[in-house]
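A.B. asks: Going line by line, the protein sequences match chains X and H.
At position 193 of the first sequence the residue is numbered 210 (this note's numbering), and the sequence of numbers has no breaks.
At position 143 of the second sequence the residue is numbered 128 (this note's numbering), and the sequence of numbers has no breaks.
Hint data in this document are derived by calculation from the structure and do not stem from the laboratory.
Please note that the accuracy of each hint is not assured.
Stated by the list, open to error - Chain H residues, not near chain X, derived (Cβ > 10 Å throughout): (1) Asp8; (2) Gly93; (3) Val204; (4) Glu298.
Unchecked claim - With a straight-line Cα cutoff of 35 Å, these simulated DSBU-like cross-link-like pairs (lysine-lysine) come out: (5) X:Lys180 <-> H:Lys295; (6) H:Lys295 <-> H:Lys87; (7) H:Lys251 <-> H:Lys52; (8) H:Lys282 <-> X:Lys180; (9) H:Lys87 <-> H:Lys36; (10) H:Lys78 <-> H:Lys36; (11) X:Lys100 <-> X:Lys180; (12) X:Lys85 <-> X:Lys100; (13) H:Lys52 <-> H:Lys92; (14) H:Lys344 <-> H:Lys251; (15) H:Lys295 <-> X:Lys100; (16) X:Lys85 <-> H:Lys295; (17) X:Lys85 <-> H:Lys36; (18) H:Lys344 <-> H:Lys295; (19) H:Lys92 <-> H:Lys36; (20) H:Lys251 <-> H:Lys36; (21) X:Lys100 <-> H:Lys87; (22) H:Lys36 <-> H:Lys52; (23) H:Lys282 <-> X:Lys100; (24) H:Lys94 <-> H:Lys52; (25) X:Lys100 <-> H:Lys36; (26) H:Lys52 <-> H:Lys87; (27) X:Lys85 <-> H:Lys94; (28) H:Lys36 <-> H:Lys94; (29) H:Lys94 <-> H:Lys78; (30) X:Lys85 <-> H:Lys78; (31) H:Lys344 <-> X:Lys85; (32) H:Lys295 <-> H:Lys251; (33) H:Lys52 <-> H:Lys78; (34) H:Lys344 <-> H:Lys36; (35) H:Lys78 <-> H:Lys92; (36) H:Lys282 <-> H:Lys295; (37) H:Lys36 <-> H:Lys295; (38) X:Lys85 <-> H:Lys282; (39) X:Lys100 <-> H:Lys251; (40) H:Lys282 <-> H:Lys251.
Keep in mind the model is a prediction, meaning the values are calculated, not measured.
Just so it is clear, CB atoms sit at the ideal spot from N, CA and C, and this is done for glycine as well.
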Amino acid sequence: MTCLLLRLAGPLQAWGSRSRFVRRDTEPAPTKSGVIGMLAAARGVRRTDDLTEFLGLSFGVRVDQPGKLTRDFQTARSLDGGKSMPLSYRQYLADAVFVAAVEGDTDLLQGLHEAVRAPVFPLYLGRRSCPPVLPISLGLCDRSLREALEEHRWEAAEWHREKLRRQPTIALEVFLDAEPGDPGAQTIRDEPLSFDPARREYGWRTVIAETIEFPNLDYNGDAGDGLNLDHDPFALLDR
Amino acid sequence: MRRTIVDIHILQTVPPSNLNRDDTGSPKTATYGGVRRARVSSQAWKRATRKAFAAELDPSELGVRTKQVAAELAGRIRSAAPELSDQADELAKKTLNAAGIKTTPVKGKAEESGYLLFLSRRQYDNLAQAAISASGADDGAAGPKQAILKGLANSDHSIDVALFGRMVADASDINVDAAAQVAHAISVHAVDNEYDYFTAVDDRKEDEDETGAGMIGTVEFNSSTLYRYAALDVDRLRDNLGDDEATRRASEAFLRAFACSMPTGKQNTFANRTLPDAVIVRLRDTQPVSLVGAFEKPVVADASSGRLAKAAEELAGYTHRVEDTYDQQPVASWVVHVGVGTQALAGLGREVSLPELVKAVGEEIAGRLAEPA
């Protein structure tokens, strides 16, 4: 089993799965169809081309930094400014960092790793106005999906890690492809079958949400409310 | 023909202004690095760039975005063949339907398409020509052949469609993939929005005994140093335009228009038109690389240097670090910068003025496109 790990981070990203018309939502974490679309674009697969080689991949994502849900109000006018067109509301995830893992055939994943470094089509995180921040590909590893996400280091930014330094363990949410018969699995329309603009098609994907815990390397041993109980205020008076 | 990607990075300071506001009238913001930043949406700056094209380019190379496609096409048919004036509306409707663009009747006017449609002036001219020649060939009732029309609607793209793309929901085989990717502009530092409380005095009230303002209100604004990023995929642009010379002219026009344009939100209230403090262009052959990560930790001005100088240092340092760590050295690089505050960026590339930059990038692109595959 081989996994390709990807770091999906940038000022804004948006991963939709069920939006209609002028209200464009985002899921709280990258979707399988969004990431597979990004990898296909890196390989040079056009929207109208066949997607069969990507269908066998399994997908999981770990929420290293959940980010903030932001709403952008978008207007459109004709070029002379005379006519105003429908308004739209688009959601984005601001300031989020995710680690996505794609499991599949080693040769295919090696090709994808190289393609991400020199993509045929420029990459973006869900919407074209969201370019990613390097690094995108974190390399391959010989692990299963769950193991890869459990073992990879925490990719959150320094300010976020600083905020959580008082916690002895860090709990991160993980969304994985569910095994058949998993209790608590949710279904979303996220299995990409075709990106053809004439006939976009997504199948049902079952997802389970889990939590991964690991020790906090930045933990400074100070699990209390920060009181330094060794301080003796009367020491100053004795002098 | 080697892969060519042009990364454009701009640092631009904007005084108190409200360039781009949301539905509540507040300047748009985003959170990055845990703090709130000022933001100008990518669609706002793309529109400003598109409007600037009108000054840069020959109008025959620009497109028209409208729902009134049948009226537009009928107008072309009338001007090209006055003898078909009374048939023009019907002919236009048949031609558009045969090209795969559905139209619906509108009371008192020519048919409209259901969506905003983006066709270039040249495409309208070509469709009008096809309509006229087909009406001359047979009795005009059958209309021009479908395959030919779809071909016309799908080729000879104008420059702004080729750069920014077009989505047509009902005739999907004439979708065009955008060649330019424009990110949302965000400030390099934390920003708080401020309020300007204003009153408007009634001129006639001064004569009478009443006091007080005729109207009171608030305008929200902020000021910021923005980091703006765009990536132009020259190979995609060449595919969309089909011509090397047009690709070079389009790239030059995009570079000039993107650097010097600005959205016009609240322009008369704040008079905020400024030019960039620094424009850095990195020409690459691997992938577009956004340098926004330099500002993930917000820049803080201190007593020794202002925000712009700090931002320039951060950007220069981050650029070298990222390009060395991930082996993403550019093929060529140019820097346009104004004043000593941005001196830290001078080492990133050849220092030039903006016209020299545009000319040099155009020449480099033309040279790379001319090479055999």
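A.B. asks: A separate judgement is required for each hint: does it hold in the structure or not?
C.D. replies: Taking the hints in turn, this is what the structure says about them:
The beta carbon of Asp8 of chain H sits about 4 Å from the closest Cβ of chain X, which is not more than 10 Å, so the claim that it is off the interface is violated. Every beta carbon of chain X lies more than 10 Å from that of Gly93 of chain H, the smallest distance being close to 16 Å; the non-interface claim holds. Listed as outside the interface, Val204 of chain H is consistent with that label: its C-beta sits roughly 17 Å from the nearest C-beta of chain X, beyond the 10 Å cut-off. Every C-beta of chain X lies more than 10 Å from that of Glu298 of chain H, the closest at about 18 Å, which supports listing it as non-interface.
The straight-line distance between the Cα atoms of Lys180 of chain X and Lys295 of chain H is roughly 25 Å, inside the 35 Å bound, and the hint therefore holds. Restraint check: the Cα-Cα separation between Lys295 of chain H and Lys87 of chain H comes to about 54 Å, which exceeds 35 Å; the hinted pair is violated. Between the alpha carbons of Lys251 of chain H and Lys52 of chain H the distance comes to roughly 28 Å, so the proposed pair stays at or under 35 Å and holds. With a C-alpha separation of about 14 Å, the suggested pairing of Lys282 of chain H with Lys180 of chain X holds against the 35 Å cut-off.
Our distance criterion of 35 Å between C-alpha atoms is met by Lys87 of chain H and Lys36 of chain H, whose separation comes to about 28 Å. Of the supplied pair hints, the one linking Lys78 of chain H and Lys36 of chain H holds, its CA atoms being roughly 29 Å apart against a limit of 35 Å. With a CA separation close to 48 Å, the supplied pair Lys100 of chain X and Lys180 of chain X exceeds the 35 Å bound. Restraint check: the Cα-Cα separation between Lys85 of chain X and Lys100 of chain X comes to about 34 Å, which is no more than 35 Å; the hinted pair holds.
With a C-alpha separation of about 14 Å, the suggested pair Lys52 of chain H and Lys92 of chain H falls inside the 35 Å cut-off, and the hint holds. The straight-line distance between the Cα atoms of Lys344 of chain H and Lys251 of chain H is roughly 33 Å, inside the 35 Å bound, and the hint therefore holds. The suggested pairing of Lys295 of chain H with Lys100 of chain X is violated, with an alpha-carbon distance near 43 Å, which exceeds 35 Å. Straight-line distance between C-alpha atoms of Lys85 of chain X and Lys295 of chain H comes to about 27 Å, which keeps the hinted pair within the 35 Å bound.
With a C-alpha separation of about 33 Å, the suggested pair Lys85 of chain X and Lys36 of chain H falls inside the 35 Å cut-off, and the hint holds. A hinted pair counts as satisfied when its Cα atoms are at most 35 Å apart, and Lys344 of chain H with Lys295 of chain H qualifies at roughly 30 Å. About 31 Å separates the Cα atoms of Lys92 of chain H and Lys36 of chain H, which keeps this hinted pair within 35 Å; it holds. Using a Cα cut-off of 35 Å, the hinted pair Lys251 of chain H and Lys36 of chain H holds, with the two alpha carbons roughly 17 Å apart.
Proposed proximity of Lys100 of chain X and Lys87 of chain H is supported: the alpha carbons are some 20 Å apart, at most 35 Å. A distance of roughly 19 Å separates the Cα atoms of Lys36 of chain H and Lys52 of chain H; the hinted pair therefore holds under the 35 Å criterion. A distance of roughly 41 Å separates the Cα atoms of Lys282 of chain H and Lys100 of chain X; the hinted pair therefore is violated under the 35 Å criterion. A threshold of 35 Å between alpha carbons decides the hint, and for Lys94 of chain H with Lys52 of chain H the separation of about 12 Å falls inside it, so the pair holds.
Among the hinted pairs, Lys100 of chain X with Lys36 of chain H is consistent with the structure: their alpha-carbon atoms are about 15 Å apart, no more than 35 Å. Distance hint between Lys52 of chain H and Lys87 of chain H is fulfilled; the C-alpha atoms sit about 11 Å from each other, no more than 35 Å. Between Lys85 of chain X and Lys94 of chain H the CA atoms are separated by roughly 46 Å; this puts the pair beyond 35 Å, and the hint is violated. The straight-line distance between the Cα atoms of Lys36 of chain H and Lys94 of chain H is roughly 27 Å, inside the 35 Å bound, and the hint therefore holds.
In summary, the hint linking Lys94 of chain H to Lys78 of chain H is supported, as the alpha carbons are separated by about 12 Å, within the 35 Å threshold. Between Lys85 of chain X and Lys78 of chain H the CA atoms are separated by roughly 47 Å; this puts the pair beyond 35 Å, and the hint is violated. For the hint pairing Lys344 of chain H with Lys85 of chain X, the CA-to-CA distance comes to about 42 Å; that exceeds 35 Å, so the pair is violated. Our distance criterion of 35 Å between C-alpha atoms is met by Lys295 of chain H and Lys251 of chain H, whose separation comes to about 29 Å.
For the hint pairing Lys52 of chain H with Lys78 of chain H, the CA-to-CA distance comes to about 13 Å; that is within 35 Å, so the pair holds. Taken as a hint, the Lys344 of chain H and Lys36 of chain H pair is honoured in the structure, with Cα atoms around 21 Å apart against an allowance of 35 Å. Restraint check: the Cα-Cα separation between Lys78 of chain H and Lys92 of chain H comes to about 15 Å, which is no more than 35 Å; the hinted pair holds. Restraint check: the Cα-Cα separation between Lys282 of chain H and Lys295 of chain H comes to about 12 Å, which is no more than 35 Å; the hinted pair holds.
Taken as a hint, the Lys36 of chain H and Lys295 of chain H pair is honoured in the structure, with Cα atoms around 33 Å apart against an allowance of 35 Å. A distance of roughly 17 Å separates the Cα atoms of Lys85 of chain X and Lys282 of chain H; the hinted pair therefore holds under the 35 Å criterion. Between Lys100 of chain X and Lys251 of chain H the CA atoms are separated by roughly 19 Å; this keeps the pair inside 35 Å, and the hint holds. Among the hinted pairs, Lys282 of chain H with Lys251 of chain H is consistent with the structure: their alpha-carbon atoms are about 30 Å apart, no more than 35 Å.
Going down the numbered hints, you'll see the structure goes against 1, 6, 11, 15, 23, 27, 30, 31, while the others check out.
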